[in-house]
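Model the full structure from these sequences, guided by the hints.
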Amino acid sequence: MRISGRQFLQGNEAVVEAAIAAGCRFFAGYPITPASEIAETMAIRMPQEKGIFIQMEDELASLSAVIGASWAGAKAMTATSGPGFSLMQENIGMAVMTETPCVIVDVQRSGPSSGQATRAAQGDLMQAKWGSHGDYELIVIYPNSVQELYDKTIEAFNLAEKYRTPVILLSDEIIAHMRENIYIPETLDIIERKRPRPEDKEHFLPWKPDDDGIPPMAKFGDGFKVMVENNTHDATGRTNQTDAALHTQLINRLCNKILNAKKDIVKTEGLFLDDAELVVVSCGCVSRSALEAVKMARQKGIKAGYFRLITIWPFADEQLIEVAGATKKMLVAEMNTGKLLREVKRVVDPYGVQVNHLPKIGGAYHTPGEILASIEKAVNENE
Amino acid sequence: MSEVVRQHPAFKYMRKQFLPHIWCPGCGNGLILAAIIRAIDELGIDIDETSFVTGIGCWGLTGNYINADWLHTTHGRALPMATGLKLMNPKLKVFALTGDGDLAAIGGNHFIHAARRNVDLITICSNNMIFGRTGGQVAPTTPEGKYASTSPYGNIERPFDLCRLAEAAGATHVERWTVMHPVPLTKAIKKAIEHKGFSFIEVLSPCPVQYGRKNKFRNPSVLYNWVKEQSVSIKKAQDMSEQELEGKFIIGEFVKKENIPDLSAQLLKLQESFENKS
Chain A
977 MRISGRQFLQ GNEAVVEAAI AAGCRFFAGY PITPASEIAE TMAIRMPQEK
1027 GIFIQMEDEL ASLSAVIGAS WAGAKAMTAT SGPGFSLMQE NIGMAVMTET
1077 PCVIVDVQRS GPSSGQATRA AQGDLMQAKW GSHGDYELIV IYPNSVQELY
1127 DKTIEAFNLA EKYRTPVILL SDEIIAHMRE NIYIPETLDI IERKRPRPED
1177 KEHFLPWKPD DDGIPPMAKF GDGFKVMVEN NTHDATGRTN QTDAALHTQL
1227 INRLCNKILN AKKDIVKTEG LFLDDAELVV VSCGCVSRSA LEAVKMARQK
1277 GIKAGYFRLI TIWPFADEQL IEVAGATKKM LVAEMNTGKL LREVKRVVDP
1327 YGVQVNHLPK IGGAYHTPGE ILASIEKAVN ENE
Chain B
72 MSEVVRQHPA FKYMRKQFLP HIWCPGCGNG LILAAIIRAI DELGIDIDET
122 SFVTGIGCWG LTGNYINADW LHTTHGRALP MATGLKLMNP KLKVFALTGD
172 GDLAAIGGNH FIHAARRNVD LITICSNNMI FGRTGGQVAP TTPEGKYAST
222 SPYGNIERPF DLCRLAEAAG ATHVERWTVM HPVPLTKAIK KAIEHKGFSF
272 IEVLSPCPVQ YGRKNKFRNP SVLYNWVKEQ SVSIKKAQDM SEQELEGKFI
322 IGEFVKKENI PDLSAQLLKL QESFENKS
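Listed in order, the protein sequences are those of chains A and B.
Going by this note's numbering, the first residue of the first sequence is number 977, and it counts up by one from there.
Going by this note's numbering, the first residue of the second sequence is number 72, and it counts up by one from there.
Mixed in with the good hints there might be a few duds.
In silico BS3-like links for lysine-lysine, alpha-carbon gap of 27 angstroms or less [claimed, not checked]:
(1) 306/B with 1195/A
(2) 162/B with 1201/A
(3) 261/B with 1184/A
(4) 1170/A with 1201/A
(5) 83/B with 1177/A
The hints are simulated quantities; they were obtained by calculation from the structure and are not laboratory data.
Dropping the structure here:
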């Protein structure tokens, strides 16, 4: 039974409860700090919900089992952290190519390699988009509180089902291990998988998209005899690896079903933007300090603004351009050496916005005071 | 196509529009495919209740030819994907078709764990003792001293005995045959379909193009005869010394354990324990 009302939960626990509420009934994972509580809570909760929990031999197997379960009709999820996320990259590509809905939680920790296992970081922003080989698009969401971890886990499942794509839910050690009061409403909007009509069984083309660019997904065992081919394939599922036009058409469709839906997918948050001379851009745990710093700056009479990316990919170009049109300066605060900075500069440089950077690595998040100091420095520069 | 070919009894289970198949002349894979189809036919199983999960490699392409749900996975991952599929829908008869490179090299870890868990899968490994599809590189199953494109001076490593590996890892049904044994192979697959638990059928399937050419087997029949000559029944092997068994392929039933619950049964029991409480 799903929980509702007021709840006091840890971030990782909130992900589990939301997944259950969204209809997730299959979880495969491998222990890794700081994501292990998700597997541990799933191990308790899944059998209670008539679902399956399995601890696999590694992360390659975990995402593999999730893909298999998804074709058996399940809403399925795995959770990991940086090293495991690296191991999952090939199968993320497989999920993209075979349009297999699934949710992958990456509770970010410090890297590269084993790095600082128990410390937070935001080092996977780029890997979440570019980690697998080849050309593709997927959806990456990054909440910043326990409440939002709950809400966005549900959204992650909804988007995965709606667009038949893997959705990456980024988290980080700070929000994952934080406990907060959250509110879970009685009713939730849950999107179910688009299925082919039984009467189409005879001549079903599993990879022929509807008008929205997304083909309905048959379930194994329902008699549709689907060919799920991770090589380049035509509408029947048969591979053809020498036809350049077929490959181009397939990849463009897979990318465009996401890119053409940016209005539906991309979410951002902006505060104090109307008169802002400087806008702090951030995401995840850092955005909590960023908002506090902006409020402190406002108290000091500095016209600071706050802009947060909730959807990391596809990138919020349009929203950021709107902010860029109304401000002169931006400050990107992030727990890596410049991943978000690179993307923000790509978008706002043509608009003549000066972009300052406040990177921080080593495991500790930015304090509001540190961000405030950078705001003050940036505002006073060149004046 | 002659009338006889058009009416072949296997065709009702096949995507015959994809024939002729892509396997090289002399390849053993078609014989394993025939055995699978015979087993399904003889047991009278509805093909819609089967699913095929295959790995990367020549044998992984088998899904093209069987008219059933087919998941073509990334290299080495057939077993964990089949595990997810089977656990979520225990009613499906899930075949995991995997080559020796796919299963024993890149997917080796998944192999031992699927066996240990006793997942109710029908795993059929086509063992050609080489990486065939990528051009004849040495595999964990290449016999010592044999040549491959990445063992140009002869293989200096010792090969896996896949059946013994499966047995040690906990598989509850293990058999090895060659493609020259179509009758016992079909029987083994039928047993695997009816077995509740992890079935592992290894089939020695000669690859004349990659393995044969590199190892001076003049033509497919010479290679086939060599595989047959090297094969010793498990019964006969019991009376042979280690020296006599050097380089031989032991064929027959290695393991058949009944009454060990498969993973789906265990999960169902766990789920039901909560139903009773509520």
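Hint check results:
| no. | hint | result |
| --- | --- | --- |
| 1 | 306/B with 1195/A | violated, 44 angstroms |
| 2 | 162/B with 1201/A | holds, 16 angstroms |
| 3 | 261/B with 1184/A | violated, 36 angstroms |
| 4 | 1170/A with 1201/A | holds, 17 angstroms |
| 5 | 83/B with 1177/A | holds, 16 angstroms |
The structure shown violates the earlier hints numbered 1, 3.
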